[in-house]
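J.: All chains should be modelled from the sequences, with the hints used to inform the complete structure.
Here is how the chains run, residue by residue.
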Amino acid sequence: MSTKTVPGNYFEDFSIGQEIRHATPRTVTEGDIALYTGLYGSRFAATSAATFAEAMGFERMPVDSLLAFHLVFGKSVPDISLNAVANLGYAGGRFGAPLHVGDTVTTTSTVIGLKENSNGRTGVVYVNSVGVNQRGEMVVDYVRWVMVNKQDAASPAPETVIPDLPGAVAAEDLLVPFDLTGRDYDVELAGSPFLWGDYEVGERIDHVDGMTIEESDHMLATRLYQNTAKVHFNQHAQSQAKIGRRLIYGGHIISLARALSFNGLANGQLIAAINAGAHANPTFAGDTIYAWSEVLERIELPGRTDVGALRLRTVATKDTPCSDFPYKGEDGKYLPEVVLDLDYTVLIPR
Amino acid sequence: MSTKTVPGNYFEDFSIGQEIRHATPRTVTEGDIALYTGLYGSRFAATSAATFAEAMGFERMPVDSLLAFHLVFGKSVPDISLNAVANLGYAGGRFGAPLHVGDTVTTTSTVIGLKENSNGRTGVVYVNSVGVNQRGEMVVDYVRWVMVNKQDAASPAPETVIPDLPGAVAAEDLLVPFDLTGRDYDVELAGSPFLWGDYEVGERIDHVDGMTIEESDHMLATRLYQNTAKVHFNQHAQSQAKIGRRLIYGGHIISLARALSFNGLANGQLIAAINAGAHANPTFAGDTIYAWSEVLERIELPGRTDVGALRLRTVATKDTPCSDFPYKGEDGKYLPEVVLDLDYTVLIPR
Amino acid sequence: MSTKTVPGNYFEDFSIGQEIRHATPRTVTEGDIALYTGLYGSRFAATSAATFAEAMGFERMPVDSLLAFHLVFGKSVPDISLNAVANLGYAGGRFGAPLHVGDTVTTTSTVIGLKENSNGRTGVVYVNSVGVNQRGEMVVDYVRWVMVNKQDAASPAPETVIPDLPGAVAAEDLLVPFDLTGRDYDVELAGSPFLWGDYEVGERIDHVDGMTIEESDHMLATRLYQNTAKVHFNQHAQSQAKIGRRLIYGGHIISLARALSFNGLANGQLIAAINAGAHANPTFAGDTIYAWSEVLERIELPGRTDVGALRLRTVATKDTPCSDFPYKGEDGKYLPEVVLDLDYTVLIPR
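Chains as they are written, first to last, in the working numbering: chain A, 135 to 484; chain B, 135 to 484; chain C, 135 to 484.
Note that these hints are calculated values from the structure, not bench results. Mixed in with the good hints there might be a few duds.
Because identical chains cannot be distinguished in the list, a pair is counted as satisfied if it fits within a single copy or across any two copies.
Within a straight-line C-alpha distance of at most 35 Å, the following computed DSBU-like cross-link-like pairs (lysine-lysine) qualify [what the hints assert, rightly or not]:
{"id": "1", "residue 1": "K249", "residue 2": "K284"}
{"id": "2", "residue 1": "K138", "residue 2": "K462"}
{"id": "3", "residue 1": "K138", "residue 2": "K467"}
{"id": "4", "residue 1": "K249", "residue 2": "K364"}
{"id": "5", "residue 1": "K364", "residue 2": "K462"}
{"id": "6", "residue 1": "K462", "residue 2": "K376"}
{"id": "7", "residue 1": "K364", "residue 2": "K138"}
{"id": "8", "residue 1": "K138", "residue 2": "K376"}
{"id": "9", "residue 1": "K467", "residue 2": "K364"}
T.: Structure follows, in structure tokens:
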């Protein structure tokens, strides 16, 4: 029997400081833009129209930050999370050079934390994944941690290292790839009159609309990102597992929630940071995703009067409209209908 | 609670002469061409092959007229028909500058008619929507009318204004963006030997083939056009409505019927006008669409001997082959299996 | 009633030596690349990243050989297999000039064999289909044979001509559109350390992963290829046929099996030949496809020390993992779970 097949790494295969250069660099095409629009219906003007992006002082129209995130994330799956039990969280995600059509992304991950679970059969792996373009410029840099199976429960536990997780990305680390100084920003074409100064900390916005997910939709998306996690694609195997169904890639929910958030946050043109995130409950085909957001912080950007940032919490639910902002129960746990809790930062004109 | 969410306009929000510049300009990419082909399987040579288009004297390969139509239509939905009860009809649709990869479309609509319904709870709004490219050239210009809910039944009825609806677009208003003079038109590669002179007024063509629609297909298409009408996407909400299911965007049926019409009208390379149209009955996932066409008029184009036009009626049905041309019953009403009645004009070499 | 509709050819419409120039040339776009990735999740680096392809000495990043194959195949369907009962086999498939974004493919087929079946109602048609780009360079050249209905059982049988089917494409006929001489080939980015010399004849590889197919997936793919065979698309008609369901285009299974084969054959960057192939059993939406491969031959390429070829048999199954390499029963017939038996040749660095 051949041993040429890649089995993915198990918990005992990881060590602190280990650096993994992931396979399959990926060139972004105009097709990715169209598929991303078709999959989520995103309407942010800066990533929809070259003319609008150029009028904002972008060099060229960038692709959606989240498409960049998914491509970088996808590369890391075969090495990091093929044998994962759960994707536990994200932290410290910064977006650097915007990705354009024709750019090629490559991802490298470094193991920065390890903790075996008390059951001795699984452990948590913390990695810092960095996606770069063909010029070596950072495109996305983030930390995620996943629970991974051990192959052999008898293998010894590594020394526990829990990294200092970065908090919210600081104002001075937010990169702004456009400049509105001396330019007219067209709020009508952008879809909303509300700019940076119009949002209040603590303000909550129900994004109203809902989007139902089909199996084809999430599989098309997840394959596009060359994410190979088995649980998303193989109904034959999932039928035999406890859960019985294909699980939807958590990033698909992030993109849907972001697209829904246009209704209320249309000028939040670009995501500059993903501060923290959790997939509170799993989603399946047939679920209808709704979302609401809370303004966590209104951030002034050093030296910039043309643009500011909003730190937001966007919460997505399944089969539950968000007019009363469902979140956590009295026990402090996520309500069962809550599927995403994302703390991130968007750039928005002043 | 935030008021930053766009609720869409209600009947009493519209006034005669009101001009609405719609949000989210949209740049056409090569990805749109591929998705359009993948969604409908269209085979018209002029929009499938750059070589063929150039051999016809097009400057560059244009994208399908209907893709242009859907993009322009999609922009208008959040402002015009988010609270629509029904999309009642189209008239006077002219196609201008062909849309190419790299072009950016923006849409503006003007309210040209208003009529409150006798129930006092809804009214009909007539708008003239015009899509332009980044050079300000008209891409599509058409009238549609929709039935829209009132937010407050007590608000007073506006003065009734019913616009003179344009009839079929006149020969002199049809724009021909190619020139076959002195060129060989390759009927073999085009897929049919039948040219302008081979069609007779009154001739009816059964397009034979059928195409079944899945939920993923119509939602992918409708999101691609950034059309946000809730009824297409939200199964959770639709389940609670009388109809119980997601409604398919009528334009999806137009594109399917046009793609099916290749079998019988392969040389009708480009749609130059949509004279009138009605969505006779709703369609749902699982329906199989068939189509037939009737030649309404054979039009000579002023000063052109290389190309003519055919005014066609294409009728689409669900789950009903079209060998006996199903249309209207003895009562003059559409048969229940008829889903589209489209009066439009195609350009076809002589 | 109109006779403008193309009915497709029946068995008695074919004659030896007949040459058919198929309709609808097709320009390849960046959208095709993205959709191909989204449909199959293919991860071969040479067709995923422009930088990687250029580092291998490709002039430009080629599109996947199988996308070229499907486009060429699709063109031939309306003339060859619209009335086909079954697609019986492939032979002698050679890939020539790689297809790039912007290239336009046209297909011509020549009838090279005919044999009426003893039932007098069907016959087998052998065609040699050749796809060329806009410069007339051969892109794909292959033989396929299909069982086609007769329109009139009373029409006389043609003289039986069974062509000499080409065997496996010879080493000297394999075209290598890249040159690794003097270049570093990055096995890490490619996803596997195993190169030409690491594979043994007779070695078998279980590709482990499984992919479930939805109706939307195979229809989106098959329409993208402008393949019009009715059995793939029309549930209304299929419901009335014995099989009751839409059949999946066999080429969709080839592409899925090839994408799955990345896990074990990641350096087999390009398919250079399809030597023979059979669709052993039909597939339907809901099936989960698995695959395994056997190395049939390790081929040295004349004058090349940078690259070799592997002749492979890849077998795909439905709803059956491949750890014990399911293939044929004791009776020599394919097991019912086997859906594809493909004999092909890939190029792989030494």
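J.: All the hints need checking, so say for each whether the structure fits it.
T.: Results for each hint:
For a Cα distance limit of 35 Å, the shortest separation of K249 from K284 inside one copy, 12 Å, qualifies, whereas the shortest one across copies, 59 Å, does not. Taking CA atoms no more than 35 Å apart as the test, K138 paired with K462 passes between copies only; the shortest distance there is 24 Å, against 46 Å inside one copy. Taking the shortest alpha-carbon separations for K138 and K467, only the inter-copy value of 29 Å comes in at or below 35 Å, while the best intra-copy value is 44 Å. Taking the shortest Cα distances, K249 and K364 sit within 35 Å of each other inside one copy (24 Å), while across copies they are farther apart (46 Å).
In this homomeric assembly, K364 and K462 come within 35 Å of each other (Cα to Cα) both inside a single copy, at 30 Å, and across copies, at 27 Å. In the homo-oligomer, the alpha carbons of K462 and K376 lie at most 35 Å apart both inside one protomer (26 Å) and across protomers (32 Å), since each shortest distance falls under that limit. Proximity of K364 and K138 under a CA criterion of 35 Å is satisfied intra-copy only: 18 Å inside one chain copy versus 40 Å between copies. With identical chains, the CA atoms of K138 and K376 are at most 35 Å apart within one copy only, with a shortest distance of 30 Å there and 42 Å across copies.
Within a single copy, K467 and K364 get their C-alpha atoms as close as 28 Å, and across copies as close as 31 Å, so both meet the 35 Å cut-off.
When each numbered hint is compared with the structure, no violation occurs for any of them.
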